[in-house]
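**Q** Residue numbers (my numbering), protein chains in the order written: chain A, 75 to 508; chain B, 10 to 573.
Rather than coming from a laboratory, the hints here were simulated on the basis of the structure.
Source: prediction; values computed, not measured.
Ideal Cβ placement from N, Cα and C applies to all residues, glycine included.
No farther apart than 20 Å at their CA atoms in a straight line, the calculated lysine to any residue pairs in the SDA-like style are these: (1) A/K407 - B/S317; (2) B/K386 - B/D13; (3) B/K518 - A/D437; (4) A/K110 - B/E527.
If you anchor each label on the Cβ, the simulated ranges turn out as follows: (5) B/G170 - A/A429: 57 to 63 Å; (6) A/D438 - B/D339: 34 to 40 Å; (7) A/V246 - B/A288: 55 to 61 Å; (8) B/G526 - A/F138: 35 to 41 Å.
Chain B is faced by these chain A residues, among others (derived, beta-carbon under 8 Å): (9) P226; (10) G403; (11) K486.
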Amino acid sequence: MAIEDDVLVVGGGLAGATAALAAAERDVRVRLVSHKESTLRHASGLIDVLGYTPAGEGPLADPFPALADLPEGHPYERVGAEAVRDALAFFDEIAGEAYAGAHTDANALVPTHGGTVKPTARYPTATAAGLASDDRDALLVGFATLPDFEAPLAAAHLEAAGVPFDARGVTVRFPGIERDDAKVTRYAHLLDRDEPVETAAGESTARAALAETVRSRLEGESRVGFPAILGDDSADAVRADLADRLGVDVFEVPMGPPSLPGLRLEDLLFDALSDAGVRVTTGVPVVDYETGADGAGSSGPERIDRVTVDRNGSEIPHTADQYILATGGLVGKGVQSDRERVSEPVFDCHVPHPADRYDWFVDDVFGDQPYARFGLPVDRDLRPLDADDALEFANLRAAGAVLGGYDFAAEKSGSGVSLATGYVAGRRAAEGCR
Amino acid sequence: MARDTEVLVLGGGSTGCGIARDLATRGLEVTLVERGTLTDGTTGRMHGLLHSGGRYAVSDQASATECIEENETLREIAGHCVEETGGLFVQRPEDSDDYFREKLEGCRDCGIPARVLSGREAREIEPYLAEDVERAIEVPDGAVDPFRLCVANAIDAEAHGARIETHAEVIDLLREGDDVYGVEVRHGAGPGKRSDAAAGTTEEITAEYVVNATGAWAGQIGAMADLEIEVRPSKGVMTIMNVRQVDTVINRCRPKGDADIIVPHETTAILGTTDEEVADPDDYPEEQWEVEAMIDTLSELVPILAESRTIRSFWGVRPLYEPPGTGTQDPTDITRDFFLLDHADRDGVAGMSSIVGGKFTTYRAMAEEIADHVCAKLGVTASCSTADEPLPGSENLARLEAGMDDFGLRSPVARRSKQRLGSRASEVLATDEPNPVICQCEGVTRAEVRDAIEGSGADLNAVRIRTRASMGNCQGGFCCQNMAHELHPEYDEATVRAALDELVAERWKGQRHALWGEQLSQAMLNYALHATTMNRDRDPASASGDVEFAAFDDGVAREARGDD
Chain A
75 MAIEDDVLVV
85 GGGLAGATAA
95 LAAAERDVRV
105 RLVSHKESTL
115 RHASGLIDVL
125 GYTPAGEGPL
135 ADPFPALADL
145 PEGHPYERVG
155 AEAVRDALAF
165 FDEIAGEAYA
175 GAHTDANALV
185 PTHGGTVKPT
195 ARYPTATAAG
205 LASDDRDALL
215 VGFATLPDFE
225 APLAAAHLEA
235 AGVPFDARGV
245 TVRFPGIERD
255 DAKVTRYAHL
265 LDRDEPVETA
275 AGESTARAAL
285 AETVRSRLEG
295 ESRVGFPAIL
305 GDDSADAVRA
315 DLADRLGVDV
325 FEVPMGPPSL
335 PGLRLEDLLF
345 DALSDAGVRV
355 TTGVPVVDYE
365 TGADGAGSSG
375 PERIDRVTVD
385 RNGSEIPHTA
395 DQYILATGGL
405 VGKGVQSDRE
415 RVSEPVFDCH
425 VPHPADRYDW
435 FVDDVFGDQP
445 YARFGLPVDR
455 DLRPLDADDA
465 LEFANLRAAG
475 AVLGGYDFAA
485 EKSGSGVSLA
495 TGYVAGRRAA
505 EGCR
Chain B
10 MARDTEVLVL
20 GGGSTGCGIA
30 RDLATRGLEV
40 TLVERGTLTD
50 GTTGRMHGLL
60 HSGGRYAVSD
70 QASATECIEE
80 NETLREIAGH
90 CVEETGGLFV
100 QRPEDSDDYF
110 REKLEGCRDC
120 GIPARVLSGR
130 EAREIEPYLA
140 EDVERAIEVP
150 DGAVDPFRLC
160 VANAIDAEAH
170 GARIETHAEV
180 IDLLREGDDV
190 YGVEVRHGAG
200 PGKRSDAAAG
210 TTEEITAEYV
220 VNATGAWAGQ
230 IGAMADLEIE
240 VRPSKGVMTI
250 MNVRQVDTVI
260 NRCRPKGDAD
270 IIVPHETTAI
280 LGTTDEEVAD
290 PDDYPEEQWE
300 VEAMIDTLSE
310 LVPILAESRT
320 IRSFWGVRPL
330 YEPPGTGTQD
340 PTDITRDFFL
350 LDHADRDGVA
360 GMSSIVGGKF
370 TTYRAMAEEI
380 ADHVCAKLGV
390 TASCSTADEP
400 LPGSENLARL
410 EAGMDDFGLR
420 SPVARRSKQR
430 LGSRASEVLA
440 TDEPNPVICQ
450 CEGVTRAEVR
460 DAIEGSGADL
470 NAVRIRTRAS
480 MGNCQGGFCC
490 QNMAHELHPE
500 YDEATVRAAL
510 DELVAERWKG
520 QRHALWGEQL
530 SQAMLNYALH
540 ATTMNRDRDP
550 ASASGDVEFA
560 AFDDGVAREA
570 RGDD
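Chain A on its own, in the form it takes in the complex (with noise of 0.2 Å):
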């Protein structure tokens, strides 16, 4: 006996989680199952759609220009302008106040932990008061146990990107930290629960000595920036109560892993998944696959037939009519290599790839990558493609990270292409269930 879903989804990712959440909107019943902890904790919970052309020009303005001039095979190319609007649109109900920038087509540059700014489509409302395009003066605040973020560098970085403001950094240490190496978390929750802490001049809770601790730092800048560690669960409320302390609006640069931004997208991707009756099984990866005899004498594509997970070491069959890759790419382990060739690993798709290993990277770090391109190729109705353009399977889509032919790095696109494949996949899975 099987479990039976209608749609089966791989993966948890922000491409999965879209997908089980775009099918879900029809009246099917769909399942989600993951491996791994989602790539979410290593992002920095920007939803980038296009940044830079591939060709590298920009920062780009306004990024749906662009996406008519993408070259074929590109994920963009393969759903269309329109469906990453309509994309956008789902997220933004999804995320509601969590996020922002759905007021314009036109991306924001949001400034990095390493200092300079990227632009992006839709940032975190924790984000919003950042914005380098807003010209008043910023003040930010690094803390001397958190290495990952030097205040003073980052403002002076700012301005050499040439901001339309002041930016200036401090360091302070950050009340109620007596651990060199404490977990970001453990700064996030100090704030969440506004524990007490020691100060100098007697007992005072986390966010009070915070914001006493900043205050006499402040020089008449209207806004000051924090790294991405103020609150988890409850992050508005730190935030409020640190601004109205001040006097002026807080900001959150994001962050590099683990990142509480990321994690908290991953936590409204899987509230909403739940809300949507998604039934949702992490930790159990996907260890094999029949096909169906199913579509006799026909000579077109093999059908899925069921999967095969792992859960604790008991092998459990799961099927469905339509089933939704998204299982990563290099980094999800969704594309995997070894010595001679590089795979798709749960259905072994092909991963178009150069014969000889050294060519699957250029000599400049930041060049023209091979590697970052490596994924699977996909028809319209992103199915994957075998070697001969042929359909891998006639009821297998993919989305997100696994596919191929773009550089979600140096363009900026990675969230805006999970997004839109996976909100497609999920809405042709859903459509085409018998």
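Got chain A sorted already, so can you dock chain B onto it with the hints?
**A** Frame of chain A; chain B shown alone:
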């Protein structure tokens, strides 16, 4: 005419720094110039084997004897740079019994402690050795950190008044008639510690005596004064694994061949190597077959290597030399002995000697012989003390052991810091400021990075070799940025950005030879972090042209103006 310095040493590798230390501690006035950072040439590009002499016990017993003597000396004077791993020469079924016996007898002839182990006994020491390994000879090989050892020599030379000038490339030898009296250097544009000389400027440094310790580059230096020095640079690959599959140095017990040694080094294991003569020590092919050979051949000794993760490969160039007319064809047959070439005797040109050939393990003995020679030339009678005086970091390990708990460093960070810093740990780590970990893979803290910056300036590759920060699994993806942060505010933003770009480029160079499996995934993650999250690939601060900020979403400001 008054000279700028008594002795001018060319080359900041182990030999040059060893000579500078030796002469400075004898009371001579010494200046050392190095074209890049210390260890940039061959020293920083070797497998880190502290020879017992076993490798040469059949083919070159003079070298073998010298190796075991220096091996014992370095354990004394540089304990904090040496890990006493021990070594095994292992025999597979196809390897010759005669050679095994010759190796054992050779070790005994040269005074190298050697003991025969059965295959089973060898596998008890190293469980991943192949099942069919028949037997092994145990010798006192070790692992040595060439970066720390070389830098410790330079630090001690400086402490005795020497001037150590990095990023100063020799562009001419100053020669008048039959006398060499100094060099002209060009100060480099890269970040790093140097005198007040501005980048791009040149400087003449005159000296009573010049020592050419540039190894594989010695021929290029000699040519500047029309002196022919027949170095025969020979390249070799080293492939780094992400963990230590072995804790003992593993040598293949056969006469010679590529891919016959595994050296456990810090958290990694290093596979070596190849031996191919090259024309230009700065420009030679780094080839895929060399990497494949390391993995394929050495997995005959340690089978799990075939399935393990490599994090990068790098190449070094041996400074081989043989006297004119020897005519050896195969570089593996060229002697590993060193040669002191006094150009007065050899070429009729006074004021300079060159030191060529040799190997890292015997750098101190080489330096002593050169220093004796220089002293004789200059009429100085002071004697050598480098075999007895510990290097900075190794003076008082007992005090170090006792005092480590005071620094609030948690194990294993504390253990790693202590190993790297030796007896300097208390001085470096004593801080009232927060001391977070900067490099998670290698457990390097802020205090250690800042100490290295104090010694090497804004050159993050020099900080890397002093601390090992950015040399672990992530190859700097997660910590390069944080290392750069520590340069500020002492160095301005533009300098920090340039130093970071240099470090990232250097880290990428070696990873290119390890791009499959886990390490390709790691490379993609690093790329995503630097390009997607930080936009370092298209940073408007570095790109040409200005960004039109007003054309982009200004978010809250727009709302405040009531535009929506």
